[in-house]
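Asks: Sequences listed follow chains X and A, in order. For the first sequence, the working numbering begins at 1 and goes up steadily by one. For the second sequence, the working numbering begins at 1 and goes up steadily by one.
Misleading hints may appear alongside valid ones.
Said to hold, decoys possible - With a Cα cut of at most 27 Å, we get these calculated DSS-like pairs of lysine-lysine:
1. X:LYS235 <-> A:LYS2
2. X:LYS112 <-> X:LYS235
3. A:LYS40 <-> X:LYS122
4. X:LYS442 <-> X:LYS312
5. X:LYS312 <-> A:LYS2
6. A:LYS33 <-> X:LYS122
As the list claims (entries may be wrong) - Derived, one-sided and incomplete: chain X residues facing chain A with beta-carbon distance under 10 Å:
7. LYS111
8. ASP193
9. ILE226
10. PRO286
Claimed, not checked - Label pairs and their in silico Cβ distance ranges:
11. A:LYS4 <-> X:GLU542: 18 to 28 Å
12. X:ILE89 <-> A:LYS2: 44 to 54 Å
13. A:GLY9 <-> X:LEU611: 17 to 27 Å
14. A:GLY9 <-> X:GLY91: 29 to 39 Å
15. A:ASP30 <-> X:HIS70: 20 to 30 Å
16. A:LYS2 <-> X:ILE24: 26 to 36 Å
17. X:ALA583 <-> A:GLN20: 29 to 39 Å
18. A:GLY9 <-> X:GLU448: 24 to 34 Å
19. X:PRO144 <-> A:THR54: 26 to 36 Å
Because the hints were derived from the structure by calculation, they are not lab data. Cβ atoms here follow ideal geometry from the backbone N, Cα and C, with glycine treated the same way.
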Amino acid sequence: MMRTFFERAYERIRKMDGELFRIIAGAVVFAIALILDLCRVDVAAVIFYIISFLIVGAEVVVDAIISVIHRNPFDEKFLMSTASVCALIIGSYAEGTAVMLFYLVGDYFEKKAVHRSRLSIKALMDICPDKASVIRDGKEMTVPASEVKVGETLVIRPGDRFSVDCRVEEGESDTDTSPITGESVPRPVAPGDEVQSGCLNINGMLKCISIREQSESAASRILSMIEEASENKSKEEDFITSFSRYYTPAVVICAVLLAFIPPLLSMRGWVDSIRTALTFLVVSCPCALVISVPLAFFGGIGGAAAKGILYKGGSSFADMAGANIAVFDKTGTLTSGEFEIADIYAEDGDTAALLNIAAAAETGSNHPVALCIRKTAEGELSVSGLSEFPGKGVSAVIGTERVLVGNRSLMEQENVRVDMKIPPNSVIVARDGRFAGYITVKDRIKPEARSAIAELIRLGFKKTVILTGDHEENAVSVKRELGINELHASMLPDDKYKYIKKLSGSSDRVMYVGDGINDAPTLTAADVGVAMGGIGSEAAIEAADLVITSGNLSKLPEAVKTARSTIFIAKTNIIFALTVKIAMLILGAAGVVGMWGAVVADVGVSIVAILNSMRTLKK
Amino acid sequence: MKFKYSLKGLDCPNCAVKLQAMMEKIDGVDSAKINFLTEKITLESSLEEEQLLTAVRKCAADFSGKIVIEK
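In isolation and in its complexed conformation, chain X is listed as follows:
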């Protein structure tokens, strides 16, 4: 019984890492020493204090000596060692040991937090398989994913991840796109669909053609974005870095002055002065700040990335958090870029027949409007004599009728009289030289757009604007339906750029949301540029401050919230830690707080700040 207890205890200890073991052992011995001290068994107490100090502090002191040899005097280990060893020398055994013990606790916490953040990012980055199954010379073989060339055929089995961006050639399946888009609903794919690398094939066997090499594929782009994001420092991080550069030397110099000047002027005894000085040394490390602020941003970047929101760096968080005007591109951003039929007018009242005829005539065309008409039409008619008039429309023979489908200039060219006013975005249908009706299409508004805009308003955005190259008549319904404040239509890319440039010159902070493909300069000109679904485009990534990989608008308010909470956490940490440190310096100098108070406050503030930062990871 006893044996197994010890064995189990031994097993536990063996699995512990050295630092935790030292903390626990040191704390136990320290507790014994405190009890002895209270019972006034002084000699024994001192011995136990020193044992405890050696358990927790020996390694720190050795490291400190090494760092001094390397001419690195403001190393935190050196400062802590000096403080605790000096305390022991002047006879403050309990304080000296406590400084070391608490320092190690803080340090342990810090390491755990960093480790956890690293793990969570690693999990996020572990989306790119390094092997791929390709068919070469009619045989299937496994090759490193980096060697897959564009145009090769890949076999992707259920449970496999896509190693490169592909187009499905054969087979149907559901794919889990969450590693790239953060969307949890599986996406069905069929031949012709493109799938991004990093996605998971759930249930069907697929044959795909690779369309990008691995280094150009979505997963690689995302990885390098996340990596670079953590290098792109925020204002807060820069502040901390330059602050710590001056803070530590300044406090250490103060400590030295406090130790020597009052006794030399015979104002105070040596021991009291040194004690005050040691209190200064204890709070001289800016560790809590230096670790917790980058951790907050790192967590924010990682947490957002898990949702398919890729921030380009810490500074983008501040820009996003402060934005108060939201400007949207229309096509592809607020609308899906796919058309749907808004209205059909037929002279003879038979709208279904008109649609069928138009669909048949458009058989050969890949124009988005033609695709929409074909998708909506239900009947299939046999068609012959197809011909296309670029920029105008098509003609075809259906049965015995000659059918024209196109715009007004096609009708003029073919001498078809159109007496009606035709709404914009319509195609006119003529049968045997006579006007037969028209079909009006509209861009489909993304289903989540309305609630996303409402949420932005709720988050305090004071104005929403649409900029579009489209005609006013087409955009006005989008504006009305989504409750957007302003609309500027018929804008060329250059007009959009100028508009944003002007707006961001004012005191307002402008967020511009676009597809990132043809509005890259506009994205750059805005205070914060958001590219919707632009992970495939180098230009979009380059120009934007953040990329929403799925193009789902509901991620936009989420991105704002993540940015605000990250900035809030970083700022509270700075203010909180600075306040505590400065208070400890003042109270320490005044003799109100001793080493005990200083070390507890300092480690306490580190732990609270780190825990606060870790919250960003969870969201």
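Take the given structure of chain X and dock chain A to it, following the hints.
Replies: Chain A alone, transformed into the frame defined by chain X:
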């Protein structure tokens, strides 16, 4: 030329900043950027790769005995 290596064994981001500053003083190194959280270092240098690695490893060893830099 730009080089990117893994760099492990740093204790805190503060140390990363210091080591970075030390590395930038090496002749032939134009810039050094240490990413404490992803444990990567990006160097811009006119040196040959082997030469550069030897130089930065020596610099890291001067700073602390625990740092490992690998390709």
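Asks: When the structure is checked against the list of hints, which entries are broken? Sort them ascending.
Replies: The structure breaks hints 4, 8, 16, 18; every other hint is satisfied.
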